[in-house]
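**Student:** Given these sequences and hints, build the entire structure.
Under the UniProt record's numbering, the first residue of the sequence shown is numbered 1, with each subsequent residue one higher.
It is worth saying that the hints were derived from the structure and are not from the lab.
Just so you know, these numbers come straight off a predicted model, no measurement behind them.
Possibly wrong hints are sitting among the right ones.
No farther apart than 30 Å at their CA atoms in a straight line, the calculated lysine-lysine pairs in the DSS-like style are these [as the list claims (entries may be wrong)]: (1) K53 to K79; (2) K53 to K118; (3) K58 to K123; (4) K79 to K118; (5) K118 to K58; (6) K123 to K23; (7) K79 to K58; (8) K79 to K23; (9) K118 to K23; (10) K53 to K23; (11) K23 to K58.
Listed next, with one range per pair, are the computed distances between beta-carbon atoms [claimed, not checked]: (12) I27 to P102: 13 to 23 Å; (13) S71 to L131: 18 to 28 Å; (14) R130 to N77: 27 to 37 Å; (15) P69 to R130: 30 to 40 Å.
Just so you know, even glycine gets a beta-carbon here, dropped at the ideal spot from N, CA and C.
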Amino acid sequence: WKLGGLLRNQAVRRVCRAIYRGKRLSILAALDHAGFASWDCTDGTYTRNSFHKAFVEKILPLLNPWPLPRSIVVIDNAKIHMYRELEHVIYQTGARLIYLPPYSPQLNPIEVIFGLLKRWVQKNANLVFRLYTRLVLDVAMCSCFKPSKSSKRGGALNLYAHCGYDTMLRESEFKLSITDESNDEEY
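**Tutor:** Next up, the structure:
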């Protein structure tokens, strides 16, 4: 309950209203130039095991070898993201893994999109989110970042550029050369 407030004549008034803090919901999502490609959510927080299982089931099948689209995985430096098995399964697909420096959400495009997702839920489904969490989340993930809406802000490619990933992510810049031996690096 929240109490407090002042009237114009500075007299204290009492306002009682319930403050509802919803249950924690953690989302694992893959973002590409068109929006959310895949996602998984869990009540509470992910453990390393649940994170790994969800990553392998939902994200890993979407990865391509470098330098094709969907060949870069950008992860913050949370403790549950930093382990050898995850690096190994990503590198086996031929994709690249980038760990962000500590305290740098401005370099993570998905953080911006999660902000859009939260605003979409608050605006469109705030009252029913508690009752139908996963259904609302599915609709929100498909609706909050449509190319038509994002084109006003420049789209996902400009979002990536804003976060520091400029020309390497533009589809027209991807040129796969079969004779190029420089992509045969060992991890």
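**Student:** If you test the structure against every hint from before, which numbers come out violated?
**Tutor:** Those not satisfied come down to hint 13.
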